[in-house]
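Q: In order, the protein sequence lines correspond to chains A and B.
Letter 188 of the first sequence, counting from 1, is numbered 188 in the numbering used here, and no numbers are missing.
Letter 252 of the second sequence, counting from 1, is numbered 1252 in the numbering used here, and no numbers are missing.
Just so you know, the hints here were simulated from the structure itself, not pulled from any lab data.
Among the clues, some could well be false.
Stated by the list, open to error - Below, in silico cross-link-like pairs of lysine-lysine (BS3-like), each with a Cα-Cα straight-line distance of 25 Å or less:
| # | chain 1 | residue 1 | chain 2 | residue 2 |
| --- | --- | --- | --- | --- |
| 1 | B | 1111 | B | 1008 |
| 2 | A | 16 | B | 1016 |
| 3 | B | 1111 | A | 111 |
To be verified - Computed beta-carbon distance windows for the label pairs:
| # | chain 1 | residue 1 | chain 2 | residue 2 | range |
| --- | --- | --- | --- | --- | --- |
| 4 | B | 1181 | A | 120 | 53 to 63 Å |
| 5 | B | 1075 | A | 49 | 37 to 47 Å |
| 6 | B | 1009 | A | 110 | 41 to 51 Å |
| 7 | A | 75 | B | 1169 | 29 to 39 Å |
| 8 | B | 1178 | A | 114 | 45 to 55 Å |
| 9 | A | 232 | B | 1066 | 27 to 37 Å |
Said to hold, decoys possible - Some chain B residues well away from chain A (every beta-carbon gap over 10 Å; in silico):
| # | residue |
| --- | --- |
| 10 | 1004 |
| 11 | 1011 |
| 12 | 1021 |
| 13 | 1057 |
| 14 | 1066 |
| 15 | 1083 |
| 16 | 1107 |
| 17 | 1173 |
| 18 | 1196 |
| 19 | 1208 |
Bear in mind that the values here come from a model prediction, so they are computed numbers and not experimental data.
Note that CB positions come from ideal geometry on N, CA and C, so glycine has one too.
Protein chains: 2
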Amino acid sequence: MDVIASPKQTQDQIRKLRGSGESIGVVPTMGALHAGHLSLVEAARAQCDIVVVTIFVNPTQFAPGEDFEQYPRTLEADLKLCRQSQADIVFTPSADEMYSVNSQTSVVVSKMTQILEGASRPTHFDGVTTIVAKLFNITSPDRAYFGQKDFQQQLVIRRMVTDLDFPVEVVTCPIIRDSDGLAMSSRNRYLSTTERQQALAINQSLEETEQLATSGKHTAAELQTRLNDLLITADGIDLDYATIADAATLLPANSDCEELVAMVAARVGTTRLIDNRVFQIR
Amino acid sequence: MDVIASPKQTQDQIRKLRGSGESIGVVPTMGALHAGHLSLVEAARAQCDIVVVTIFVNPTQFAPGEDFEQYPRTLEADLKLCRQSQADIVFTPSADEMYSVNSQTSVVVSKMTQILEGASRPTHFDGVTTIVAKLFNITSPDRAYFGQKDFQQQLVIRRMVTDLDFPVEVVTCPIIRDSDGLAMSSRNRYLSTTERQQALAINQSLEETEQLATSGKHTAAELQTRLNDLLITADGIDLDYATIADAATLLPANSDCEELVAMVAARVGTTRLIDNRVFQIR
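Given these sequences and hints, build the entire structure.
A: Laid out in structure tokens, this is it:
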């Protein structure tokens, strides 16, 4: 496994591999790897000749006051996990290597980034799309793997890929949950024991909402009211949003939607968590 | 020579060629080809295995009220010239093929696009960088060829390429002038006989400025004053700007600049023309 910090060297090495006919899969991460990330590496391993994991805590997707400084950085453990998961290349640039002081360019997705996570974190998605565009250009992947947990993120990236004609297939992998149902997140390690118990209400309310949906007796609006009620009455949950939307567009759900997504963002203590479930109304 | 309208088909065909080791050069144009464009094709022909010319009058780089509707469209003549210049692929998409109604993504270069052409044409460069990013993703070139006449454009594109890590070498080719000195432009065909005579003042004033510069007796500020004076007193010239800047950054010229660029934009009748010269102060 090659661990490379230089963007140029990574780009050259991967282009050489591509040139000799190898297919490339990239798993963009901010490190602090957990089983969710590893499921992405596993999916890439199954579908691509060369698996590239990128580890970069991208400053531009954190707003002032967010947890950029304290975001967990566990490079040695991450590399060990990458090795165990049979990654071929781990790209670990520094912020200075990724952003020159002269940088003036950003990739901006408009409408879809203004709601939900984008409303709560106004500059977040500009940071995400810009870094992902850069990582795509550095790693020239055939396929790129993202987790469903960041549901809006993978939709925004799909929008960018389509709109800018990136020759990349976006693969979204299912949410991986701990045995108690909590969606895996690098930020879970911020939670105290009590907070972690309280956080379970997020998955539980989503699960109940999905069950109600599959009963076929409730409209999307009723489901959203129920989801919201469950969460605003849950102990220790400071709800940011709980919404039910068209899973293809994030526009308000209606009876024509093929699939719905129930999305939740909430603070538990000082830790902001997100989770979601995709389902159909029978 | 293959003429292809479909972005997907163009992308697939070029990726196949790349995969078999061919180097790709792209010449992005809006058609209405003239000797300036053909010099770009010639440069690409000399350096690359496969030469791709793109012909697309990109609506998003025209502001409301600009000449998008009347911009010359001469596809048959263009294709003939491409064939004569030994292009391999001509990509001729429609606007519908390039921009879906759901498009939400743009590539934005900030500072450098706010001055000069960007001040006069506020949305212009967002349109340019977005379409060029798309064309790069569709044609995956090793090298992309742009004319020095659009001096700010090639600098903005270089900025974008660096900032987003596009694996593309930007090649800037010299301005091609008609025998009377007028810089070749698709818009020259809008000029009446009188206007064309009047337009020659642009090149003449730039030439005089360069001569003054090489004499080594004038500061950049003095040169700019002289250039400006020449143009505001010239018959039929409605000056937009005449400026002398650092050729690497477009920031105000000072004695530390390695190279200066004198840039002019002016209307002659209703036709907006631009021209420039790059030189050193001895």
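Q: None of the hints should be skipped; say for each whether it holds.
A: Hints versus structure:
| no. | hint | in the structure |
| --- | --- | --- |
| 1 | B/1111 / B/1008 | violated, 33 Å |
| 2 | A/16 / B/1016 | holds, 15 Å |
| 3 | B/1111 / A/111 | holds, 23 Å |
| 4 | B/1181 / A/120: 53 to 63 Å | holds, 58 Å |
| 5 | B/1075 / A/49: 37 to 47 Å | holds, 41 Å |
| 6 | B/1009 / A/110: 41 to 51 Å | violated, 28 Å |
| 7 | A/75 / B/1169: 29 to 39 Å | holds, 33 Å |
| 8 | B/1178 / A/114: 45 to 55 Å | holds, 49 Å |
| 9 | A/232 / B/1066: 27 to 37 Å | violated, 52 Å |
| 10 | 1004 | holds, 14 Å |
| 11 | 1011 | violated, 6 Å |
| 12 | 1021 | violated, 7 Å |
| 13 | 1057 | holds, 18 Å |
| 14 | 1066 | holds, 22 Å |
| 15 | 1083 | holds, 26 Å |
| 16 | 1107 | violated, 5 Å |
| 17 | 1173 | holds, 23 Å |
| 18 | 1196 | holds, 37 Å |
| 19 | 1208 | holds, 33 Å |
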